Amino acid sequence: MNGPRVLVVEDDPQLARALAINLRARDYEVDLAPDGRTALDLAARKHPAVVILDLGLPDLDGVDVIRGLRGWTQVSIIVLSARHTSDEKVTALDAGADDYVTKPFGMDELLARLRAAVRRGLPSLEDAIVETSSFTVDLAAKRVLRDGADVRLTPTEWHLLEVLVRSPGKLIGQQQLLQEVWGPGYSTETNYLRVYLAQLRRKLEPDPSHPKHLVTEPGMGYRFEP
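If you count the sequence shown from 1, position 101 lands on 180 in this note's numbering, and the numbers rise without skipping.
Take every hint as true, because none was put in to throw you off.
The calculated DSBU-like cross-link candidates involving lysine-lysine, where the alpha carbons are at most 30 Å apart (straight line), are:
(1) K282 / K249
(2) K291 / K221
(3) K125 / K168
(4) K221 / K282
(5) K182 / K168
(6) K291 / K249
(7) K125 / K282
(8) K125 / K249
(9) K125 / K221
(10) K125 / K182
(11) K249 / K221
Worth flagging that the hints you see were computed from the coordinates, not collected in a lab.
Remember, predicted model here, so these are calculated numbers, not experimental data.
Could you build the full structure based on these sequences and the hints that come with them?
Given below as structure tokens:
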């Protein structure tokens with residue numbers, strides 16, 4: 080079974096390779112980005128559980144990468160940096176980083192911080208099962224059941240449903256949904272939402288033309304009603 084996906088953003092090829100070897104040996108799936116723009120692109124396409132981020136990148140400052148990620152995702156971010164001053168740590172944490180490890184570092188310490196970050200990102204058991212009168216969503220197992228049978232969803236359908244289900248009763252704006260599911264370059268592609276919501280309703284709603292769980296707020300966004 081594949082473990083959590085980790086995005087390593089590091090411009091030192093030797094360190095990046097060492098991190099990748101250590102993480103893959105512990106069953107993490109690893110993506111590598113040598114610069115900030117690649118990191119933002121990979122985060123949008125791969126949806127990692129944790130980002131390990133060096134602040135000293137060749138194109139963007141790492142703090143700007145943190146802000147770019149926080150514009151659309153709550154992914155756990157562990158900063159890995161040679162910057163030791165408290166001001167720089169505070170700046171990174173205020174921008175949205177979850178943890179800060181200074182170089183040089185011990186691999187055991189980093190792995191412990193990584194395990195903690197993964198645990199924080201998991202749904203608690205009481206929140207993992209979301210039941211409606213029509214279908215059941217198991218967030219931990221990434222499964223949807225309807226009438227006792229598995230509903231086959233594409234990865235994009237699942238991600239869209241997951242974002243809505245995690246905020247029951249809350250209106251989620253079109254732009255936020257697009258950025259969360261497709262990435263920061265898709266904030267105006269509202270037709271994507273119409274197409275995929277229609278597909279989800281056909282699979283999950285008793286009457287797709289009159290949905291009661293995946294509700295549209297015209298011109299604003301969508302809401303999940305259990």
